[in-house]
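**Q** Listed here are the chains, written in short residue letters.
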Amino acid sequence: MSRFPRAALPTLLALALVISACGNGDADDAAETTAAPATTAAPETTAAPETTAAPASLLGEVIMELPTTIANAEQAAAATWMLWDEASCSFVETDDHPDFYQAVLRKDGNANYRFAWTPEDNVFDTLIVANESFRVAAAASETDVTEFDNLYPSEEQPLVVADLVVQHDPDVVLSMNVLANLNPAIMSKYKEACIPAVAHSVPHEGQPFFGGGEWYAVGRAQAEYLIAVAEGRGWTTGDVDVLLCSHSAFVQDRTSPYASIIGFREVVKESFDVGDDNIHELECPSDIVTDQANVADWLTAHPDTRNIMGFGINDLRTLGMVNALRESGRAETSIAGGVGLSQESVGPLCASDPTFLTSVDFVPQLWGEYGIAIAQDIAEGNPIPSEIYPQATVVDAASIDQAKC
Amino acid sequence: MAIVAIGIVMTMVSPFFFQAGNFLNVARAVAITGIVAAVSTPMLISGNVDLSVAATMGISGMTAGALLVQELPVPVAIIGALIVGLLMGLVNAVIVVKFRVNSLIATIGTAFIARGVAFLVNGGRSIFIPAESYVALGQGSALGIPKPVFYTVVVFAVIGFVMRYTKVGAHIYAVGSSPEAARRAGISVPKITWGVFLASGFFSALAGVVLTSQAGSAFPYGGQGRELEIIAAVIVGGTALTGGRGSITGTILGVVLLGIIANSLNLMGLPAPYQDISRGLLLVAAVATDQLSGRTLGGRGVFRGLRAGTEEA
Amino acid sequence: MSVDKGRVVIEGIGLSKSYGPITALDNVDIEIRAGEITALVGDNGAGKSTLIKILAGAVAPDAGEVRVNGETVVLRTPADARDLGIETIFQDLALAPDRDVVTNLFLGREIVRKGLAGMIGMLDRGAMEAQALTQIDALGVNIPRSTGVSIGEMSGGQQQSVAVARGAFWAKTGMFMDEPTAALGVRESSRVLRLARQIAGSGVAVVLISHILPHVMELADRVVVLRHGQKVAELTEDISMDRLVTLIVGVDAHDAVT
Ligand SMILES: Nc1ncnc2c1ncn2[C@@H]1O[C@H](COP(=O)(O)OP(=O)(O)OP(=O)(O)O)[C@@H](O)[C@H]1O
Ligand SMILES: [Mg+2]
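Chains as they are written, first to last, in this note's numbering: chain A, 1 to 405; chain B, 1 to 313; chain C, 1 to 258.
Any given hint might turn out to be false.
Said to hold, decoys possible - Cβ-Cβ distance ranges computed for the label pairs, FRET-style:
id : chain 1 : residue 1 : chain 2 : residue 2 : range
1  : B       : Pro73     : C       : Thr77     : 44 to 50 angstroms
2  : B       : Pro75     : C       : Gln91     : 50 to 56 angstroms
3  : B       : Ile105    : A       : Glu156    : 19 to 25 angstroms
4  : B       : Ile79     : A       : Leu58     : 54 to 60 angstroms
5  : C       : Lys114    : B       : Pro271    : 56 to 62 angstroms
6  : B       : Asp276    : C       : Asp92     : 40 to 46 angstroms
7  : B       : Lys191    : C       : Ala138    : 31 to 37 angstroms
8  : A       : Pro153    : B       : Pro73     : 38 to 44 angstroms
9  : A       : Thr236    : B       : Ile105    : 55 to 61 angstroms
10 : A       : Pro354    : B       : Pro271    : 26 to 32 angstroms
11 : B       : Glu71     : C       : Lys114    : 45 to 51 angstroms
12 : A       : Asn181    : C       : Thr77     : 57 to 63 angstroms
13 : A       : Asn181    : B       : Asp276    : 19 to 25 angstroms
14 : B       : Pro73     : A       : Gly206    : 56 to 62 angstroms
To be clear, the hints were calculated from the coordinates, so they are not data collected in a lab. Note that the Cβ used here is the ideal one computed from N, Cα and C, for glycine as well.
Just need the whole structure built from these sequences, with the hints factored in.
**A** Written out as structure tokens, the structure reads:
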């Protein structure tokens, strides 16, 4: 019997190998089937930008044009633009920029660029999709992209990864590190090694920022959508309560998903005149059923509430909220929106749920395409805006891609 | 006692507390935790602990979701989820019984594995459940009572009966109280260990089914973080982490007490951190009074009312 | 008292057991007789507990065999021995401290109800309580009558009494007691020893391990002395303190062997 623990080790290792083999298998399958997911981006502008592809480029043909939130001259003028200066090993600001910015993914051609992508991890829903998108985009553009996993929430791994990236010496690194306190150390390593770095998730002074979703804008867009519905139903400010399903684990600032709550709150106050007393922020720890319980308790404590406008920091929380509203018999007097266009909103939207009306697609399935295209611009010495967000789209029952249903 | 006290205070603080509708809120909120707390009681009494219960909820829920998406019949999806739960129990039992790994460590390990596999089921994405008849099992009410509550009551009744009135229950207590004494009395400690782990896997999977049907969605991190809440409820209910002592009645009180506290704080509009603080204070107070007065006063401390349930033979 | 008094009921033949380099028991023969108290004495580590554990099925011997009522038996677990009516009160009691007297008395041998309820393992608590009380009264032991008090809350002597009462309740062939008075005061010791006598009186073969030689001399019908795993003497008469001490510690060993 005393020998059993030793026997356990190889068994467990074998098990782990089997599991990881299965995992890889799945990923490969997915890679083949999710190529070319361009349909969701819904670009306003489709014209190819005249100035981005410099004539001397060794890059090959254009594969995909990806709209960003800098979609017109006004937005372009308001933005700060920068380009990589090899001599000073830093990004320098420039006024010489195109009329709008869209990321254009091109074939690597003869450029032989090497890029690095350091995702937060490989388990979070959105990142699984995003990492996959990097693989798909790398394959499609025949670009050498290496992924280094930051193994969130490890406090050491991001620094280890930074050293590895320096060793690897790519032309551009897309650094996704969500632990804000580590960012300065990581960025200085890249600066020392003279590798242009794009900050993802947590901005860093002097570096271009590629935000996955512009949370603040997402929250505002959802508020505008729901206000339009409310007005269509003849609701007035006086009989509406706003329920926000958030979570105390989020940092309450503009760079975290919490910014969507900030944006939503601002718009309902500005455009629909809802007072702070009628905006209620509830704790939703994101377990759907617990979220539901917390919202149910709130509804019990506020029996006089007439109409409810709900917004969850992501679809999961919105679904919990909607479940509570339905179970308390308020399905017809409530409207709600979510974020992420994950399965929790796709289902209700496809089924034309009377309460769960909208979500936002911030296209993690295209982050790889965006990321590589941005890296190509930097490597080519093209100017880029200092903050780049994919153009997120508000989706509802009418506009949802039926293929998702 | 503690429950009555909180009830009185809450009735004074919030006019909404003492209402039938609110009690249904509490019942619905604790239903899923309750199922797992019920089966965690014999687990702790047997001297083991299963920290993979929450991950089992996740992986079994994902299994049900994946089967439903394949348009398999609802009973097949449920049976599939329960089988996955039994498999979790089986793996845990093998590690604990055959490889003699401490159950805490073993189940932390399998929890990681199961959570990882749950993420792989649908590439980390959740699964919106298309089958209305499945969702109808967990959503809505029957006879005015939220449906999940019925399953919880049945689970408590079954496990309570086994623990109190049957030979198996007596053996579980004996094994937890002194494995050596039980072994020498001819009780098969491995069999009991197998039993509690299989039961734990099974009922955690059932909780996963109820969770996903109530939520209408299967998500890979379903149940995440609940394991500590569940163990807290069981321990507040008077079950000893060291095994041998405890009761289902106590666990019911523990679950309801934690549920009422969360509900009360929600009704008062107090933010989440206060909920965590009060939950933690309650747990520490319950165990501390047990330590201070438990041995000398025959297991009766400040939480006398709670602990009354544990005095059963 | 019993018709069978003096008949050999349990035999160990050529029993040996080693733990790595340590020879705990070395080719020991022993006969245990119904209605008698056989005392097993020896210094610490002499192999007394090992011998009893082998006869009780708790330890498998490396060599030798065990016979019960003349038949060779293989005792794989204590349960095998118990099925043959052999009970053991181990040095560490083997009680479940969180459970009450009734539960402990029937530990592993619970009475279930008749019919369907029994098939699902439903306990007959009433029957167990009644029988337990009868047994406690018959033995005249001082343990709380109320049910629901866990063993762990009782005194060492009371716990010992519960263990003895349980052994006595189930022992039909033999009862082994490994230092039953080690943790007890004078009064409680004598009470437990009286119980041993009582049990032997009912025709059960009792084996008593004790370091307290006055007890041994007072109670035992027969004394077996072990030293370094070997049986060095078996005495039935002329049991004097000096003789025993000499045998146990091995001074003048050659003269001592009978
Ligand atoms: N499980 C075991 N593993 C290793 N050695 C053991 C084991 N059990 C007993 N021994 C050794 O075997 C020898 C005999 O031990 P045993 O317990 O039979 O002695 P004893 O006569 O009962 O002593 P005591 O009077 O101290 O109880 C000792 O040297 C002891 O250390
Ligand atoms: Mg001994």
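**Q** Lying within 31 to 37 angstroms: is that true of the beta-carbon distance B/Lys191 to C/Ala138?
**A** holds, 33 angstroms
**Q** The hint says 44 to 50 angstroms between B/Pro73 and C/Thr77; measuring C-beta to C-beta, is that right?
**A** holds, 46 angstroms
**Q** CB of B/Pro73 to CB of A/Gly206, is that within 56 to 62 angstroms?
**A** holds, 59 angstroms
**Q** Return holds or violated for the Cβ distance of A/Asn181 and B/Asp276 against the range 19 to 25 angstroms.
**A** For B/Asp276 against A/Asn181, whose Cβ atoms are near 23 angstroms apart, the range 19 to 25 angstroms holds.
**Q** Between the beta carbons of B/Glu71 and C/Lys114, is the distance compatible with 45 to 51 angstroms?
**A** About 49 angstroms separates the Cβ atoms of B/Glu71 and C/Lys114, which means 45 to 51 angstroms holds.
**Q** At the C-beta level, are A/Asn181 and C/Thr77 separated by a distance inside 57 to 63 angstroms?
**A** holds, 59 angstroms
**Q** A range of 40 to 46 angstroms was offered for this pair. Does it hold for the Cβ distance of B/Asp276 and C/Asp92?
**A** Once the Cβ atoms are compared, 43 angstroms apart, the range 40 to 46 angstroms for C/Asp92 and B/Asp276 holds.
**Q** At the C-beta level, are B/Ile79 and A/Leu58 separated by a distance inside 54 to 60 angstroms?
**A** holds, 59 angstroms
**Q** Within 50 to 56 angstroms: is that where the Cβ-Cβ distance between B/Pro75 and C/Gln91 falls?
**A** holds, 55 angstroms
**Q** Holds or violated: the 26 to 32 angstroms window for the beta-carbon distance between A/Pro354 and B/Pro271?
**A** holds, 30 angstroms
**Q** Does the beta carbon distance between A/Pro153 and B/Pro73 stay inside 38 to 44 angstroms, or does it fall outside?
**A** At 40 angstroms between Cβs, range holds.
**Q** Given the hint of 19 to 25 angstroms, is the C-beta distance from B/Ile105 to A/Glu156 inside that range or not?
**A** holds, 23 angstroms
Hint compliance for this structure: no hint is broken.
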